[in-house]
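*Asks:* Read top to bottom, the protein sequences are chains A and B.
Going letter by letter, the first sequence gives residues 104 to 338 in our numbering.
Going letter by letter, the second sequence gives residues 7 to 266 in our numbering.
Don't read these hints as lab results, they were simulated from the structure.
Keeping only pairs whose Cα atoms sit at most 25 Å apart, straight-line, the calculated BS3-like set for lysine-lysine is:
1. B:Lys258 - A:Lys169
2. B:Lys9 - A:Lys226
3. B:Lys12 - A:Lys176
4. A:Lys113 - B:Lys160
5. B:Lys263 - A:Lys169
6. B:Lys9 - A:Lys169
7. A:Lys176 - B:Lys263
8. A:Lys170 - B:Lys264
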Amino acid sequence: MVNITNLHKKFGPLVVLNGLNLKTPESGIIAVLGPNGSGKTTLIKSILGMVVPQNGEIEVNGERVKKHWNYRKNIDYLPQIANFPGNLKVQELIDMIKDLRDKEARDQELIDLFKLEPFLQKKLSNLSGGSKQKVNLVLCFMFDSPLIILDEPTSGLDPVSLIRLRKLIQREKEKGKTILITSHIMNFVEEISDRIVFLLEGQIYFNGTVEELKTSTGEKDFEHAIANILTENHA
Amino acid sequence: MLKILKYSFYDLSRSLWSYVYFFFYLLLGVVLLFLNNDLSNAVITLMNVIIILVPLIGTIFGVMYFYNSREFTELLLAQPVRRSSIFFGQYLGVAISLSASLILGLGLPFIIYGLFQSGAIWDFASLLVSGVFLTFIFTALAFNIALSHENKIKGFGLAILLWLFLAVVYDGLFLLSLVYFQDYPLDKFSLVASMLNPIDLSRILILLKLDISALLGYTGAVFKQFFGTGLGAFTSIAVLSLWVILPVWRIKYISAKKDF
Numbered sequence: 104m105v106n107i108t109n110l111h112k113k114f115g116p117l118v119v120l121n122g123l124n125l126k127t128p129e130s131g132i133i134a135v136l137g138p139n140g141s142g143k144t145t146l147i148k149s150i151l152g153m154v155v156p157q158n159g160e161i162e163v164n165g166e167r168v169k170k171h172w173n174y175r176k177n178i179d180y181l182p183q184i185a186n187f188p189g190n191l192k193v194q195e196l197i198d199m200i201k202d203l204r205d206k207e208a209r210d211q212e213l214i215d216l217f218k219l220e221p222f223l224q225k226k227l228s229n230l231s232g233g234s235k236q237k238v239n240l241v242l243c244f245m246f247d248s249p250l251i252i253l254d255e256p257t258s259g260l261d262p263v264s265l266i267r268l269r270k271l272i273q274r275e276k277e278k279g280k281t282i283l284i285t286s287h288i289m290n291f292v293e294e295i296s297d298r299i300v301f302l303l304e305g306q307i308y309f310n311g312t313v314e315e316l317k318t319s320t321g322e323k324d325f326e327h328a329i330a331n332i333l334t335e336n337h338a
Numbered sequence: 007m008l009k010i011l012k013y014s015f016y017d018l019s020r021s022l023w024s025y026v027y028f029f030f031y032l033l034l035g036v037v038l039l040f041l042n043n044d045l046s047n048a049v050i051t052l053m054n055v056i057i058i059l060v061p062l063i064g065t066i067f068g069v070m071y072f073y074n075s076r077e078f079t080e081l082l083l084a085q086p087v088r089r090s091s092i093f094f095g096q097y098l099g100v101a102i103s104l105s106a107s108l109i110l111g112l113g114l115p116f117i118i119y120g121l122f123q124s125g126a127i128w129d130f131a132s133l134l135v136s137g138v139f140l141t142f143i144f145t146a147l148a149f150n151i152a153l154s155h156e157n158k159i160k161g162f163g164l165a166i167l168l169w170l171f172l173a174v175v176y177d178g179l180f181l182l183s184l185v186y187f188q189d190y191p192l193d194k195f196s197l198v199a200s201m202l203n204p205i206d207l208s209r210i211l212i213l214l215k216l217d218i219s220a221l222l223g224y225t226g227a228v229f230k231q232f233f234g235t236g237l238g239a240f241t242s243i244a245v246l247s248l249w250v251i252l253p254v255w256r257i258k259y260i261s262a263k264k265d266f
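For reference, chain B alone in the conformation it holds in the complex:
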């Protein structure tokens, strides 16, 4: 698998898009720090951007890479390589290189600004951790979609819909149901509902870390009330890990049955 990973990485390192992604984050980091002139404020602004943008890029990039490397995949399938290694290698190649662009692109300006001397370092770290989680989750979901659909247009469409649903529509439905059922106790419902969406979940992870959960929405408040900061963060990380493990397991499952 490491050899496949190496070649996927090599392939991606020559792709323009990896650099575009990297420079975008570099620019975003520099601009936010310049405008806010304060590390903590920049972290909060960044959270809002990362939570929406990282899943979008992970999904699009994952689907695009899978469809574009079809020839490479077919070539590998005839070689003495385990099938799951091929797909795991490619998946990790995409997810790791996207994560590296994110960490380096945001990390460099923050380090230059003096992150290590500041108290915001752990807030920033939790931001990066959830960014990496979201990258791994949405790349895995994208691979799932691309593996199940031969038709590129259909695959792309579904991937965009998935992102739109989890990033935008889900919150709307969630809010509507809270309003509609406001006469009932909703603590458990909102807890479960936010667990089911990795984007909500990583928002909670960061909010709990920033210790401003009560100010920023109902979900955060409920989580904090239920778990307290420590356990809340632990639970959200555990569920986020599940969000990685399940789609990755399904990549193995579908790829074992697929004809090429």
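Looking at chain A on its own, in the form it has when it is part of the complex:
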């Protein structure tokens, strides 16, 4: 699905991605983990073409990303921080994105799922962080694309919405989609992901299943296994 070879990205003197290689399977949930500033968001934004890498090649579905834009038709993206134009109403924003994509959307189903109906006519600047995140989720999931990229999907959500989100992600996975997730909530990651990709110093330090991670670090608990990688490298 996504094929990345030798990706390099620097922001000024700061090296964020340093020759990263990654090939994702055709379907399943892949969690991209790593300490703060390890380049998770930069990696995701490179796939989306929002960040322009200095070097390296990214292919999505066999289509090169560099200088192309049409491949984004097949990607649903949930940005980390839900920044929306504040003077728009929720409904207007949803309609606008539908108009831009020109694709069939299941917005009503998702609005019902996240109970957003009472907020539709409110301005985005007046919404709470959690409600904004729900709008963010509706915008992301409404197009039914084969590749879904979620940057911190859990942030600001209440426990009920979190359970709904988890179910939603599982349902999407069963449709045979590829889902890339970054998150700092370890039990969320452990429960839903099929593969773990661990970024460290701009490269992939570990790529395998949760079980493989546990055996390779000799820890029974997932959270400790992750902590183990970090302390081994930074102690």
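Following the hints, complete the assembly by docking chain B onto the known chain A.
*Replies:* Below, chain B alone, put in the same frame as chain A:
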């Protein structure tokens, strides 16, 4: 790109500032006509106002819009839309809506006063043409500055400095150099120097049209002497177009390399 343009336009049409700008010009037009009681005189007075004010508003508005719509831009960048379409759409949205405020705000009082029955209609048209050119030029320059600088304060500062330089300082330096080098032939120098500044250039465009260039400054006189009215107007329009095309091309160039 048209969809982006549509939404930028929609966004701006709900912004108070577009209306403030529109009503300012409406008021200016009415007051000038009332005070001068003559179309041609009002056009000349308006020229002096437009030449300074339109670039200022284009610059400030362009920078402000770009920084304020950052969220909108980021949202669009993840959609299947070409990058240059996003920025061109936003640029055209700002430039067209500012131009519309200018044309409608000034046009309405002049039409009501009886512009179409008067001989001043072409003078007025050349005033509007250069006003529109200046809007497009300075909005594009503002977008360039905002694209190159993440820091809002720095972007605003630079934009104001650019306007101050082209609208005020440039003429001062120009004049000083004319005085300083008065023993040398300066025709070609002054010709080139005024081409390099879009504000000077649009002044020439209007002056040539008004046919009073010899009375209003050295640059106008030189231009008229060199080109005669027809060719002079043509050259200034060509160079003004270049002033639009180059910054717009640079918007595409920088935006293609920028990280969001």
